[in-house]
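Number of protein chains: 2
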Amino acid sequence: MLKVPQHQVAGHEAGIGKLGPLVDESGRFYKPLQGDERGANEVAFYSSLSTNSGIPEHIQRFFPTYYGTQLVEASDGSGLLPHLVLEDLALGRVNPSIMDIKIGSRTWAPEASEKYIQKCLKKDRESSSLSLGFRISGLQIYRSKELGFWKPGKKAAQKLSTEEVKLVLRRFVSSNTLNDLDSRPDSAFASTVYGGSTGILSQLLELKAWFEDQTIFHLYSCSILVMFEKELALKGKNPGAQIKLIDFAHVYEGRGVIDHNFLGGLCSLIKFISEILTAPSECRTEATAKADQKNLTADNGVVADHKSHTASDNGVVADQKNLTASDNGVVADQKNLTTSKNDVVADQKNLTSSDNVVADHKNLTVSDNGVVADQKNLTVSDNGVLADQKNLTVSDNGVVAVRRSSLTDKWC
Amino acid sequence: MLKVPQHQVAGHEAGIGKLGPLVDESGRFYKPLQGDERGANEVAFYSSLSTNSGIPEHIQRFFPTYYGTQLVEASDGSGLLPHLVLEDLALGRVNPSIMDIKIGSRTWAPEASEKYIQKCLKKDRESSSLSLGFRISGLQIYRSKELGFWKPGKKAAQKLSTEEVKLVLRRFVSSNTLNDLDSRPDSAFASTVYGGSTGILSQLLELKAWFEDQTIFHLYSCSILVMFEKELALKGKNPGAQIKLIDFAHVYEGRGVIDHNFLGGLCSLIKFISEILTAPSECRTEATAKADQKNLTADNGVVADHKSHTASDNGVVADQKNLTASDNGVVADQKNLTTSKNDVVADQKNLTSSDNVVADHKNLTVSDNGVVADQKNLTVSDNGVLADQKNLTVSDNGVVAVRRSSLTDKWC
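Chains A and B supply the protein sequences, listed in that same order.
For the record, in the first sequence the residue sitting at position 79 is 79 according to the UniProt record's numbering, with numbers rising by one throughout.
For the record, in the second sequence the residue sitting at position 38 is 38 according to the UniProt record's numbering, with numbers rising by one throughout.
One thing to keep in mind: the hints can contain errors.
Which copy is meant is left open, so a pair is good if it fits within one copy or across any two.
Lysine-lysine pairs mimicking DSSO-like chemistry, simulated, CA-CA at most 27 Å apart [said to hold, decoys possible]:
1. LYS155 <-> LYS271
2. LYS18 <-> LYS122
3. LYS123 <-> LYS154
Derived by calculation from the structure, the hints in this document are not laboratory data.
Between the sequences and the hints, there should be enough to build the whole structure, so can you do that?
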């Protein structure tokens with residue numbers, strides 16, 4: 001008996017009148033074949049997989065097992081349709097947290113049709129693909145038995161800003177139930193899910209090593225599925241952290257060239273995951289936004305407790321009680337002075353300087369483009385849009401959102 | 001006394017009425033500041049370089065030394081103009097072989113203007129940037145005292161096909177004087193120029209490790225200059241193999257994201273160079289084109305001497321005198337039979353099969369799209385254009401060229 005899969009986070013969803021994938025109880029996943037060349041491409045790719053000797057065994061495991069194609073009753077009631085028969089990747093998982101991450105800053109091949117290229121290019125530019133080298137196509141994070149999953153809309157997921165993506169990658173491995181507005185993601189499971197010899201990072205690095213070398217395939221618009229079970233992690237058991245590659249409708253021959261587009265995006269994702277493992281307890285995004293100005297300062301996103309020591313970018317270590325070191329090594333008495341990038345010295349008690357503009361620290365802060373705001377009440381986005389910090393937040397492109405109901409609920 | 005640099009391979013060339021870079025005798029290179037924001041960007045980048053503590057010392061050495069800006073008499077006679085004053089990278093080199101390789105499949109930043117993006121995108125698609133992740137912007141290869149340099153036109157260099165780029169990277173480190181039409185690049189200096197602990201590959205790998213981590217800059221339209229002295233290599237001396245990063249008019253802030261576009265292209269270049277080091281004596285391109293069909297066969301570009309052993313893609317080793325193993329492991333008696341990808345068996349003495357079409361091996365060869373040609377006289381391009389092998393060659397896009405005067409002279 002075929003049914004709609006429970007844990008589909010991206011792609012088409014099956015439903016009344018909707019064509020989507022199906023699963024059976026034996027652990028098989030039925031993906032409707034796209035009628036055009038995409039379907040044929042995906043069949044050709046899966047068919048070649050098991051016999052393609054260019055893919056070493058330790059890499060083969062990152063692909064779903066393929067069982068051929070089969071005519072089955074389509075989910076939309078349109079009758080018998082050919083489906084790809086694949087391994088159901090959610091099989092045996094009870095409440096999996098899942099991210100579908102589409103890899104590559106470009107989702108189109110040079111060989112694609114002009115129409116398709118323009119369509120993809122637009123989507124790549126509007127989503128985080130172009131800037132990050134990947135986009136989160138969909139996700140679900142298990143919260144608790146009572147609260148179920150946190151599953152934001154696909155469109156929202158794809159348009160996350162850099163900082164929001166970093167935050168989501170932390171939330172993915174956090175024990176927070178994500179219903180406490182002030183809670184910061186604790187990245188409690190970072191070391192067991194992302195870290196370790198069998199963790200996500202380790203698997204991504206194996207994949208990276210292969211992509212540095214393989215010139216067989218170029219995988220456009222292909223996703224990495226990242227999965228684990230939070231309940232197992234909570235019990236101290238192996239959380240089943242696993243990556244799988246999916247979606248091969250746009251695979252092209254490599255013809256002796258590595259897939260530099262996939263590799264670049266993969267390295268970008270690896271960097272983000274590595275950062276979480278390096279500093280699991282530190283949420284740069286939220287900390288930057290919420291830094292208590294009296295005790296903390298954020299420079300290039302790093303938050304330092306002024307009471308303890310800090311090291312500047314060039315390794316000069318300063319006793320933060322008294323001194324701080326600026327980017328160019330000028331050391332200033334923190335009690336009285338701070339130094340901006342271009343050597344403007346400001347009285348720290350009263351003033352801070354960002355680029356050229358000097359502001360009264362107690363009351364004001366300065367955005368990148370010199371707009372000055374009262375820190376107690378306002379915050380300033382990159383392009384100078386002001387928002388009331390208590391109620392509002394400002395995205396990179398100046399869109400103002402009600403913090404409580406929108407961004408915080410959705411992403412924090 | 002300022003003069004026009006001798007070894008400029010890409011970018012603007014100075015001349016009568018032409019604005020271009022100049023050098024002096026003390027080893028400084030004067031690059032005219034572009035009047036728009038590109039000039040300002042490049043100054044800002046170089047100014048920040050020496051003080052930017054995010055760039056470790058072993059990476060700083062890949063950037064030219066910067067001596068500020070200076071008003072000097074412009075090369076086009078238009079009077080005093082501001083110039084960037086940089087280290088002359090050719091200083092001390094007598095007859096340097098130089099390649100200017102523009103890194104990245106995308107030469108535009110997401111933040112650039114729509115007009116600029118469209119212009120760059122077009123150029124990236126028309127050149128090898130999109131497919132390879134880099135393009136050769138210009139090059140000169142020293143041949144000999146008598147013959148001087150081989151210096152193809154910049155436009156031709158930028159539009160090289162994958163196989164031609166691979167060939168140029170081999171020619172760059174070959175002892176051949178490049179005037180023998182039948183000579184294959186011998187890659188004689190591959191191990192001393194590309195290889196070794198101070199060679200080009202080693203330097204590229206250092207750069208790669210930094211680009212996997214650094215989130216300070218995104219370098220669009222930036223080039224890696226690859227240099228060495230053939231005459232020193234010939235004498236068995238250190239050939240001064242060196243890479244330098246140049247052209248920073250399109251540098252953007254990284255904002256916490258790695259430069260996945262640069263990194264991907266860099267890895268693609270690294271793969272090509274590694275392949276040459278792995279098999280320096282084997283020129284896949286020329287060998288594929290010129291393989292003596294009686295003794296050699298080329299499959300996926302690998303050339304194997306039929307007399308000796310060969311291993312198929314899946315590791316089945318066959319005594320090549322008698323047997324060969326196809327991609328899917330079917331072993332065939334080489335004397336009599338060969339097996340194509342889809343199991344069509346052909347009598348090797350008489351027939352060969354490519355995809356589905358079977359051809360008489362002695363006389364015919366089959367192109368990817370099934371066009372059959374008499375091997376003795378004709379060759380077939382990817383899109384089925386036929387050419388007389390003795391006189392003509394066919395490029396990937398079906399342009400037919402007189403082998404002797406054009407492609408061979410230019411690239412072989």
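Hints versus structure:
no.: 1; hint: LYS155 <-> LYS271; in the structure: within (24 Å within a copy, 36 Å between copies)
no.: 2; hint: LYS18 <-> LYS122; in the structure: within (25 Å within a copy, 38 Å between copies)
no.: 3; hint: LYS123 <-> LYS154; in the structure: within (13 Å within a copy, 33 Å between copies)
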